[in-house]
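From just these sequences and the hints, can you work out the full model?
Protein chains in written order, with the numbering used here: chain Y, 190 to 479; chain U, 844 to 1088.
Worth flagging that the hints you see were computed from the coordinates, not collected in a lab. Be careful, since some hints might not be right.
The list that follows gives simulated cross-link-like pairs (lysine-lysine, DSBU-like), each with its CA atoms no further than 35 Å apart [claimed, not checked]:
1. K969(U) to K920(U)
2. K366(Y) to K303(Y)
3. K304(Y) to K244(Y)
4. K854(U) to K320(Y)
5. K854(U) to K244(Y)
6. K920(U) to K413(Y)
7. K304(Y) to K366(Y)
8. K248(Y) to K854(U)
9. K854(U) to K413(Y)
10. K920(U) to K320(Y)
11. K920(U) to K936(U)
12. K883(U) to K969(U)
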Amino acid sequence: MDDFGVGRVGAFTADPVKVARQAPIDRASRETVGDFTHPSPRITARHVNVYYGEKQAIKNVSLDIGANEVIAMIGPSGCGKSTFLRCLNRMNDTIEGCRVTGEIRLDGQDIHDKKQDVVPLRAQVGMVFQKPNPFPKSIYENVAYGPRIHGMANTRAELDEFVERSLQRAGLWEEVKDRLDEPGTGLSGGQQQRLCIARTIAVNPEVILMDEPCSALDPIATAKIEELIDELREHYSIAIVTHSMQQAARVSQRTAYFHLGDLIEVGDTNQIFTNPRHPLTEDYITGRFG
Amino acid sequence: MEDPTSGHIVKRFDAEMTHLQQMVLEMGGLVIDQIQRALKALDEESPEAARDVIERDRLVNALDVRIDDEVVRLLAKRQPMGGDLRALMTVAKSVTDLERVGDQTRRVAVLVERLYGNGPSAPNPKLLEDVHRLATLAVGLLRRSLEAFDGFDLGKAVEVIRDDQRLEGEFQSALRRLTTFVLEDSRTIGHMVEAVLGLRALERIGGHAKNIAGYVIYLCTGRDVRHVDLATIADEVLGPSPPPA
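Okay, structure coming up:
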């Protein structure tokens, strides 16, 4: 009986991409593979570098966030994906010793322009964090706070409308409409996260940044947020940082892989997870990366 | 941090993938063994040996089920991505083709049983002349497709796809020869039909080998080459051929 080298251990665990003719990308290359642009961008980041003191956390990264797209940012811890996300609404300004160079534009406007006030910027580019962080106020006040301080609602009726619409878009309205006066902190983890999303969208953002929004949630709450992300795409652009590759594969249309501060590869999510071009991307998504 | 690691962080996954590949190769070896037994039965005009081949197809089917089970289990457990995902798809598809090779081999064995199991009316050996040539080609294709699968050998995979066209051509020629033969002596028509079915089974085995070669190309490059012409495949996979001198 033929045995075709049975017993030759490890043939199937070798890197198959290595033998392909179309594998011209050197593992050592740090040039971004794939098209980092988007045909209708909301945010365009070009040659962005971020330094924490002497240490460079982001190296010459260029990337577009497109209209009505979900783009996932993946990579091992410390790769710079969260740092990059925080550049997009100047959250890094709050960190001492942090310096950002390069150009980031929101709808063509330079976000580092002297005339740019960060408060409206952070309304336009909202953020949802890993741990749900509702204000210690009522559910209603959590959502109403933004429209009120931004002067978006003049009457109570208008404010009510903002609150209801935001909670509806966040998929939370049916669950809380009869207890809007109860504290937001009394909700379950998943509900709190959806409340934070409602709070973010209450101020009519264009882009929503999500930094591991489901890592503190159980699978059911996670599924609800993922479903919500898909619905939100109709109105907003979403950039999500996630440690879960399955989540990135499920929710995003494009995926960006970061590695030690470099943007290694950007591409269509289907391509990234079935046939990545850079060996480092392949190593990471297949769990070969030490 | 330049450490091109080839194994998974989860070492157990490495072991599972290696085991899976070995099971496919084992199944391939078993199937080739079956074809050779069927041909030997034909040579020896032995319906008993043919029945043995038919009986042993069970082993091929059992491996098919076991490998499919393992693929489903690994998909659920490891949620593979990238090359791992393509490897599992390649395995799942290859075993389907190998199982069908098993069925075609069974067809050849049934032919032997019919030709020699019913007493004195043995066929004219001329009718079966082409069977061996086609069988050699088909087994060669299958073996090389499994070698390509074993070694991620793109060159070999393209060769299999190319040589399957040769088998195809031989099959057509054999059909023409049989037609001529039966025109000379129409009493052989019953045996001729059996011979055609046998040749057809061998031609199909070549087709399955070609499919497996295509999966290997998908595994290595991510390119689905089914329904793509040979020149394009060769060009894409091996690089453009040098201009004729």
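Do the hints match the structure? See the list:
1. With a CA separation close to 55 Å, the supplied pair K969(U) and K920(U) exceeds the 35 Å bound.
2. Annotation: proposed proximity of K366(Y) to K303(Y) is violated, straight-line Cα distance about 42 Å (limit 35 Å).
3. Only pairs whose Cα atoms come within 35 Å are accepted, and K304(Y) paired with K244(Y) is accepted, the gap being roughly 29 Å.
4. At roughly 32 Å between alpha-carbon atoms, K854(U) and K320(Y) fall within 35 Å of each other, so this suggested pair holds.
5. At most 35 Å may separate the alpha-carbon atoms for a hinted pair to count; K854(U) and K244(Y) meet this at roughly 34 Å.
6. With a C-alpha separation of about 23 Å, the suggested pair K920(U) and K413(Y) falls inside the 35 Å cut-off, and the hint holds.
7. As the CA atoms of K304(Y) and K366(Y) are separated by approximately 40 Å, the hinted pair breaks the 35 Å bound.
8. For the proposed pair K248(Y) and K854(U), the alpha carbon gap of about 33 Å is at most 35 Å, so the pair holds.
9. The hinted pair formed by K854(U) and K413(Y) meets the criterion: a straight-line CA distance of about 33 Å does not exceed 35 Å.
10. Between the alpha carbons of K920(U) and K320(Y) the distance comes to roughly 28 Å, so the proposed pair stays at or under 35 Å and holds.
11. Proposed proximity of K920(U) and K936(U) is supported: the alpha carbons are some 19 Å apart, at most 35 Å.
12. Taking the CA atoms of K883(U) and K969(U), the gap is about 17 Å. The hint holds against a cut of 35 Å.
Checked against the numbered hints given earlier, the structure breaks hints 1, 2 and 7 and satisfies all the rest.
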